[in-house]
Amino acid sequence: MEIKLATTAGFCFGVKRAVNLALKAAEDYADRRIYTLGPIIHNPQVVENLKQKGIQPLDSPRNIESGIIIIRSHGVTRQELTLLQNNPAITVIDATCPFVKRAQEIVARMKEEKYQIIIVGEEHHPEVTGLISYGDPADTLAISGPEEIPADMVKPGKSSRKIVLLAQTTQSYENFSRVVERLLPRKGETRCFNTICNATSDRQQESLAIAAESDCMIIIGGYSSANTTRLHQLCQSIQPRSYHVEIPDHLREEWFTGVQTVGVTAGASTPKWLIDEVITTIGKLSE
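Residue numbers (the numbering used here): 1 to 287.
Misleading hints may appear alongside valid ones.
[Claimed, not checked] No more than 25 Å apart at the CA atoms, straight line, and that leaves these computed lysine-lysine pairs for BS3-like:
1. K155 - K187
2. K111 - K4
3. K187 - K162
4. K187 - K4
Simulated from the structure, these hints should not be mistaken for laboratory data.
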């Protein structure tokens with residue numbers, strides 16, 4: 001059986017940067033308490049490894065009185081960041097992905113220019129929650145797709161307000177494009193910023209190509225990872241025998257019955273060692 005591994009599988013630039021910053025903090029501040037605000041990335045195995053190095057995730061900045069706090073790759077709200085930075089007993093290491101930072105800056109700028117802000121993404125995802133905080137909460141809207149656009153916003157002649165559209169960095173380009181197409185005919189000014197990370201788009205396109213050539217597709221990543229979940233959905237639209245696993249033990253022997261070619265991809269927060277373990281297990285199950 002042939003196994004095709006996507007070259008784009010695994011850590012993206014932003015995740016690699018965040019994990020490296022955390023590992024460096026563990027070395028530089030071995031005598032101090034080190035925390036992350038929420039899981040630094042959406043991969044339980046990586047978070048557990050960092051715990052073993054003394055880096056503990058916490059849910060709220062109010063639970064931290066002193067020490068080193070690492071901002072997760074998805075970013076945090078503007079209010080949370082300000083609270084931490086105003087505490088002289090806390091050293092802040094900002095591991096927010098630069099692509100997320102750019103999106104935050106766009107939201108803040110568009111707020112000052114009085115645009116209504118629409119974010120295509122998952123409303124309760126930490127990245128989107130953070131983005132909303134940089135705008136006016138009463139005038140910033142998160143939608144998952146074109147079907148959630150308010151009717152009065154696209155009704156001809158009804159809304160002349162100027163709006164700006166951007167995306168959660170791990171959104172699919174196809175979904176973002178559908179929202180753009182729905183909004184462009186409206187009467188008022190509409191600005192669009194494609195804030196989808198290039199690595200996300202490249203990973204999705206390569207995964208789709210491999211899924212089209214494979215009898216079975218395995219997508220590796222945390223079950224709480226938005227970009228991995230989206231990869232699974234995209235691959236399943238091409239290859240129904242597409243399966244999302246977090247660890248090798250989640251693989252099932254029957255998935256590979258009669259299979260000649262297995263495609264493998266992984267989310268942006270999946271470490272190489274975990275990808276290698278899954279591939280090794282696939283090989284054993286197919287013997």
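Each hint, compared with the structure:
1. K155 - K187: holds (8 Å)
2. K111 - K4: Violated - the C-alpha atoms of K4 and K111 are around 45 Å apart, more than 25 Å.
3. K187 - K162: holds (9 Å)
4. K187 - K4: Given pair K187, K4 is violated - Cα atoms ~48 Å apart, limit 25 Å.
The structure is inconsistent with the numbered hints 2, 4, although it conforms to all the rest.
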